[in-house]
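Enquirer: These protein sequences, in sequence, are chains B and L. Read in the numbering used here, the first sequence has 276 at position 276, and its numbers run on one by one without any break. Read in the numbering used here, the second sequence has 161 at position 161, and its numbers run on one by one without any break.
Listed below are the simulated DSSO-like cross-link pairs for lysine-lysine, each with C-alpha atoms no more than 27 Å apart in a straight line: (1) L:K108 with L:K210; (2) L:K285 with B:K92; (3) L:K76 with L:K151; (4) L:K210 with B:K92; (5) L:K28 with B:K92; (6) L:K57 with L:K76; (7) L:K67 with L:K57; (8) L:K57 with B:K119; (9) L:K285 with L:K210.
Covered stretches of chain L (in silico footprint by chain B; criterion: 3 or more residues with CB under 8 Å from a CB of chain B, positions within the stretch not fixed): (10) 27-40; (11) 49-61; (12) 112-123; (13) 180-191; (14) 276-283.
Far from chain L, by Cβ distances over 10 Å, these chain B residues were calculated: (15) V48; (16) Y58; (17) K59; (18) G131.
Just so you know, the hints here were simulated from the structure itself, not pulled from any lab data. Every residue, glycine too, gets a C-beta built ideally from N, C-alpha and C.
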Amino acid sequence: MSRQHNVLPGFNLALGYTLVYLSLMVLIPLAAVFIKASNLSFGEFWNVVSAPRVVASYKVSFGLSLVAAAINSVFGVLLAWALVRYSFPGRKLVDALVDLPFALPTAVAGIALTAIYAKNGWVGQILEPVGFQVAYTPWGILVALIFIGLPFVVRTVQPILEDLEMETEEAAASLGANRGQTIRRVVLPALLPALLTGFALAFARAVGEYGSVIFIAGNMPFVSEITPLMIITKLEQYDYVGATAVAAVMLVLSFILLLVINFLQAWSSGRVRKGR
Amino acid sequence: MSIVKSAHAHRGNRFESNAATREAPWVKALIITLSLTFFALFLLMPLAAVFSEALRKGWDAYWAALKEPDALSSIKLTLITAGIALPLNLVFGVAAAWCVAKFEFRGKQLLTTLIDLPFSVSPVIAGLVFVLVFGTNQGWFGPLLQAYDLKIVFAVPGIVLATVFVTFPFIARELIPLMQAQGREEEEAAVVLGANGWQTFWRVTLPNIKWGLLYGVILCNARAMGEFGAVSVVSGHIRGMTNTMPLHVEILYNEYNFAAAFAVASLLALLALVTLAIKSWVEWKAEQTVTLEAENEFQNGTPS
Numbered sequence: 001m002s003r004q005h006n007v008l009p010g011f012n013l014a015l016g017y018t019l020v021y022l023s024l025m026v027l028i029p030l031a032a033v034f035i036k037a038s039n040l041s042f043g044e045f046w047n048v049v050s051a052p053r054v055v056a057s058y059k060v061s062f063g064l065s066l067v068a069a070a071i072n073s074v075f076g077v078l079l080a081w082a083l084v085r086y087s088f089p090g091r092k093l094v095d096a097l098v099d100l101p102f103a104l105p106t107a108v109a110g111i112a113l114t115a116i117y118a119k120n121g122w123v124g125q126i127l128e129p130v131g132f133q134v135a136y137t138p139w140g141i142l143v144a145l146i147f148i149g150l151p152f153v154v155r156t157v158q159p160i161l162e163d164l165e166m167e168t169e170e171a172a173a174s175l176g177a178n179r180g181q182t183i184r185r186v187v188l189p190a191l192l193p194a195l196l197t198g199f200a201l202a203f204a205r206a207v208g209e210y211g212s213v214i215f216i217a218g219n220m221p222f223v224s225e226i227t228p229l230m231i232i233t234k235l236e237q238y239d240y241v242g243a244t245a246v247a248a249v250m251l252v253l254s255f256i257l258l259l260v261i262n263f264l265q266a267w268s269s270g271r272v273r274k275g276r
Numbered sequence: 001m002s003i004v005k006s007a008h009a010h011r012g013n014r015f016e017s018n019a020a021t022r023e024a025p026w027v028k029a030l031i032i033t034l035s036l037t038f039f040a041l042f043l044l045m046p047l048a049a050v051f052s053e054a055l056r057k058g059w060d061a062y063w064a065a066l067k068e069p070d071a072l073s074s075i076k077l078t079l080i081t082a083g084i085a086l087p088l089n090l091v092f093g094v095a096a097a098w099c100v101a102k103f104e105f106r107g108k109q110l111l112t113t114l115i116d117l118p119f120s121v122s123p124v125i126a127g128l129v130f131v132l133v134f135g136t137n138q139g140w141f142g143p144l145l146q147a148y149d150l151k152i153v154f155a156v157p158g159i160v161l162a163t164v165f166v167t168f169p170f171i172a173r174e175l176i177p178l179m180q181a182q183g184r185e186e187e188e189a190a191v192v193l194g195a196n197g198w199q200t201f202w203r204v205t206l207p208n209i210k211w212g213l214l215y216g217v218i219l220c221n222a223r224a225m226g227e228f229g230a231v232s233v234v235s236g237h238i239r240g241m242t243n244t245m246p247l248h249v250e251i252l253y254n255e256y257n258f259a260a261a262f263a264v265a266s267l268l269a270l271l272a273l274v275t276l277a278i279k280s281w282v283e284w285k286a287e288q289t290v291t292l293e294a295e296n297e298f299q300n301g302t303p304s
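Input sequences plus hints: build the corresponding full structure.
Expert: What follows is the structure in structure tokens.
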């Protein structure tokens with residue numbers, strides 16, 4: 001079907017408007033980061049982005065985002081499984097509330113988590129006496145990143161799990177597989193592409209997260225400082241060039257992640273189509 | 001997240017009533033217990049904490065915190081910001097979905113990816129880009145804006161721009177798969193019967209996409225009103241002037257005025273709950289429409 005045979009009007013207007021608005025609001029502003037960063041010589045750029053405090057922030061941001069995404073992958077699948085396969089009282093309410101991290105402003109989540117895990121909070125008053133401090137340590141960052149990442153895993157795995165045909169699992173059972181073998185060899189492989197997509201989405205979101213983390217992190221240099229906070233800190237010191245250099249590193253990494261996610265999604269939907 | 005969900009209703013019972021596809025009772029109990037404990041610990045408890053902390057000093061303190069002039073002006077600014085960002089992204093979302101879903105052209109895949117781009121950018125960078133473009137000292141247009149005594153960064157226009165950026169893809173990405181799934185036969189029929197472009201859009205397309213549109217709008221609105229990182233970079237934190245509700249929450253919190261911070265936060269939490277309620281209702285409505293259409297087609301004997 002080529003465009004010439006399409007009788008619908010408005011293509012030029014719609015595409016023109018889309019391109020202009022996209023360029024003005026997103027592409028040109030993002031280009032500003034790279035243009036500004038290119039004012040630096042490579043040596044200067046490298047000095048900024050490989051400064052020990054900045055490198056420590058990469059470790060905190062990327063390391064904890066990986067751990068949070070891994071934890072969410074395990075519990076996200078369990079939660080999706082419970083929501084799709086079982087009926088229990090309150091199932092619909094739980095299903096609706098899974099999206100809470102998408103709807104609750106990050107700053108609100110941040111202060112609420114801090115209140116819970118501070119030493120007089122609901123959980124903090126149990127954990128701190130046994131010597132486990134969560135608030136104002138990297139553990140607190142992990143808690144916040146788990147909070148914001150969970151729906152990504154649940155919502156990518158859930159529809160795939162809903163679409164699995166019962167007959168496939170019946171066939172496995174009739175061929176002599178026990179339930180554990182069926183789940184391990186038949187169900188989980190079918191879920192894998194969606195699970196990887198959910199993991200990557202949760203990871204990408206966690207790396208850039210700011211609002212829910214800064215309240216609970218304690219923000220100690222070299223210990224609990226995330227990379228987005230490094231950008232803010234540099235901006236507050238009027239170090240625009242430094243902030244831009246760190247931002248450029250983060251942007252490149254986000255773009256790579258975006259490519260990976262697109263690839264995973266194509267793989268995932270390709271497998272579903274082949275399966276039908 | 002998408003309203004284009006699988007048409008299957010909840011089928012858990014089918015799996016549970018079949019001996020070949022059900023887990024041992026203890027496995028089921030373990031999975032439900034583990035997942036619901038995790039859910040309660042990480043999602044439910046923060047929500048409960050917001051309201052509990054907000055009311056810790058009683059209803060009088062709660063109302064006083066909300067009626068305070070700075071709180072009221074932050075509420076007003078939040079409403080203004082969402083009120084501008086939402087229509088802008090709505091018009092864009094419809095235009096983008098129209099050309100991507102109803103036409104074939106080169107670079108379509110690239111365009112779809114670029115539309116999603118703001119989702120993968122850290123909110124802090126979303127704010128930074130507008131400082132680089134419009135900032136007084138460092139921005140491209142800084143000298144020009146200063147010459148005309150205009151302020152974008154550290155003022156309301158910057159807050160609106162940053163909000164538009166972070167909420168940019170919401171409506172478009174909701175409409176594109178929906179309109180793609182619907183195809184273009186109905187619009188083509190309308191045009192062949194003599195309808196012009198606007199008539200086709202208002203009478204054929206819009207009724208078909210209304211649930212998806214509403215879905216995108218409420219999610220976009222929740223993010224627009226709740227955005228913190230991006231807005232924080234461009235706002236300048238001037239009390240009563242450039243503070244949105246999330247920024248006001250931060251200021252109160254950093255002043256150790258916890259009850260007031262949580263009081264304002266509780267309004268945002270209520271907004272989140274209302275958003276989720278409308279979202280569930282829209283999903284239910286859309287599912288009903290699909291089921292109804294399927295039944296009609298079945299009765300008329302014309303499966304498509």
